[in-house]
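Number of protein chains: 2
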Amino acid sequence: MKLLKIEDIINAGNRIEKLINKTPIYTSALLNKWMGHEIYFKAECMQKVGAFKARGAANSIAFLMENGKKPKHIVANSSGNHAQAVAWAASQFNIPSTIYMPAYSSKIKIQATQSYGAKTVLCNSRVETDDNVKSAASEEGNYWLHPFNSELVIAGQGTAAYEAINELGQVDAIFAPCGGGGLLSGTVIASHGLNPKTRVIGAEPLNANDAARSLRANSILNLDSVPDTLADGAMTMSVGSITFEYLKKLDDMYEIDEQSIVYWTQWLTHLLKISIEPTSAMSMEAARLWLKKQTTPKKILIIISGGNIDQEMQMKIWKENMLEQLPQLIN
Amino acid sequence: MKLLKIEDIINAGNRIEKLINKTPIYTSALLNKWMGHEIYFKAECMQKVGAFKARGAANSIAFLMENGKKPKHIVANSSGNHAQAVAWAASQFNIPSTIYMPAYSSKIKIQATQSYGAKTVLCNSRVETDDNVKSAASEEGNYWLHPFNSELVIAGQGTAAYEAINELGQVDAIFAPCGGGGLLSGTVIASHGLNPKTRVIGAEPLNANDAARSLRANSILNLDSVPDTLADGAMTMSVGSITFEYLKKLDDMYEIDEQSIVYWTQWLTHLLKISIEPTSAMSMEAARLWLKKQTTPKKILIIISGGNIDQEMQMKIWKENMLEQLPQLIN
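Here the protein sequences line up with chains A and B, keeping their order.
Heads up, the first sequence is in this note's numbering, so the first residue is 144 and it goes up one at a time.
Heads up, the second sequence is in this note's numbering, so the first residue is 144 and it goes up one at a time.
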């Protein structure tokens, strides 16, 4: 397999520049004081559709357009941010789209997907969703925009880290969550392309740790069943054949417990005043675990992957008060 | 009474420029489409201490410094954002401060006030808090930084609207919430100073409608008891003798029911991906009520007063799902 290079990220960035938001970078003086390190947050919750997924979807379609291969129709399968990203990106090029979603997806996400102009097909299970999209993908004129296992998607997702490092200057380490591995793959390519010494570190739910286990086994393993985790953006059953090759280049992959996910979702919301998906909060715990092993002050970047949180999830996040226990590096 | 002028706002702006954040302005394409108007949000949740209150506190102390009247010690009474604002502003000038807070204030706000370096004194009731600060204010060397009934505070709060209009250009109307009336007073001075035709409209909880009733009676009325409202920044028992003179210049004051406060807190959080205090959400319902009477498309500004929300309040906000009912101009 020929690996993607920094040029692929730069090309993707140029391709999608006019479609996406250059998202802000935030920092918290209080958190930096408590941790003793400089921590920056790239706020992809402020991205189109509220998540980094807009980057990969936009890059995929823009690339096809550039090469005279405009699809007649785009299909995708997702219960979450990828559904909205594909619907939005397709609408930017006036291409009709159909998104296969599990019927248990939150109404607000189904609604949002529809409001971007996509047709939604609700399926009885995740398996049915996947079967349907594969069947649709085989039909003439349909383009399947995969949620992560695609070089165009990976290159698009990598533009978030590239944009952030260009603005911030070099950082010692970058942290991002792992679902199917698209964001982390793009982040590895961008970060190492700019500076091979930058550490790139992933965060995955302990309850959905297929990527960490796959890396230990040096072979892609699947989750046995739908995992029980608040990090709904990291429930993917396995990483992809393409993303796995990039995940092998990570410096570490931390497995995060549910309590820490709730803790940092509450605290980052409180400190930064932005919407933080539980999936994004995992990276902060990974950062804490890494930082406490460091002997000199570090400058790090955390990619806040998204901010789409429905009411049911809000109730799960805020059920217990975690804001009385101040963040500290070592607990 | 000699009324403040736009020059007082400009002077305040220059005075506090280096201390405060120039906060971002957000808009939602989806909301604008649904409403049929252009709606901009000045995000004071991204201000120092997470609320516009930092402006008035900073202006008060910076003015004293400028005039060689550095206080030996600053005192204030507040259960919320003003407490943190005074603690923060005093620390900027290395002045010790003591904040009298009701014991029922949320721990996270007491903690934040202390972390800015203030001494906090917890009192058994709001009345005791007020008595204590008045007694402390009479002591030699103590400066009482009032939460709203002060020209320096009003001029400081007015810099939010001034900054926003300078960035956005003229708007047809500006909306802000009413507690003691400091933010609205400053907003009236700034807006009318820049363009006398700009409508300035207040929003107050129906359950704490002392300002609306005072305006109807043309005389300051008090609430009978601590009001039952989610808009915790608008629970002030009465407006001030100074702020009342400016509130008389408002084009309207809408009284907002609790259901609408929850509805817009959920929807603005969802659409803008920022932390929205229930107090701030009131202004959006006032805007909707005003916009539905308009016959041509309008460009309006809503001041998001703050984003400090503790866990107990989050649970009250997200108890019921309001996100399945799409916003519309007329409901």
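The reader is advised that the hints may include incorrect statements.
In this list, chains with the same sequence are indistinguishable; a pair is considered to hold if it fits within one copy or across any two.
[To be verified] With a straight-line Cα cutoff of 27 Å, these simulated BS3-like cross-link-like pairs (lysine-lysine) come out:
{"no.": "1", "residue 1": "392", "residue 2": "340"}
{"no.": "2", "residue 1": "148", "residue 2": "161"}
{"no.": "3", "residue 1": "462", "residue 2": "441"}
{"no.": "4", "residue 1": "459", "residue 2": "250"}
{"no.": "5", "residue 1": "459", "residue 2": "212"}
{"no.": "6", "residue 1": "252", "residue 2": "436"}
{"no.": "7", "residue 1": "391", "residue 2": "215"}
{"no.": "8", "residue 1": "442", "residue 2": "148"}
{"no.": "9", "residue 1": "391", "residue 2": "145"}
{"no.": "10", "residue 1": "250", "residue 2": "145"}
{"no.": "11", "residue 1": "165", "residue 2": "436"}
{"no.": "12", "residue 1": "277", "residue 2": "165"}
{"no.": "13", "residue 1": "176", "residue 2": "262"}
{"no.": "14", "residue 1": "442", "residue 2": "161"}
{"no.": "15", "residue 1": "165", "residue 2": "213"}
{"no.": "16", "residue 1": "391", "residue 2": "435"}
{"no.": "17", "residue 1": "391", "residue 2": "212"}
{"no.": "18", "residue 1": "459", "residue 2": "252"}
{"no.": "19", "residue 1": "213", "residue 2": "340"}
{"no.": "20", "residue 1": "176", "residue 2": "391"}
{"no.": "21", "residue 1": "213", "residue 2": "161"}
{"no.": "22", "residue 1": "340", "residue 2": "391"}
{"no.": "23", "residue 1": "213", "residue 2": "145"}
No wet-lab data here; the hints were simulated from the structure.
field: Hints violated by the structure (listed by number, smallest first)
entry: Of the numbered hints given earlier, those the structure breaks are 3, 5, 6, 7, 10, 11, 12, 17, 19 and 20, listed in rising order.
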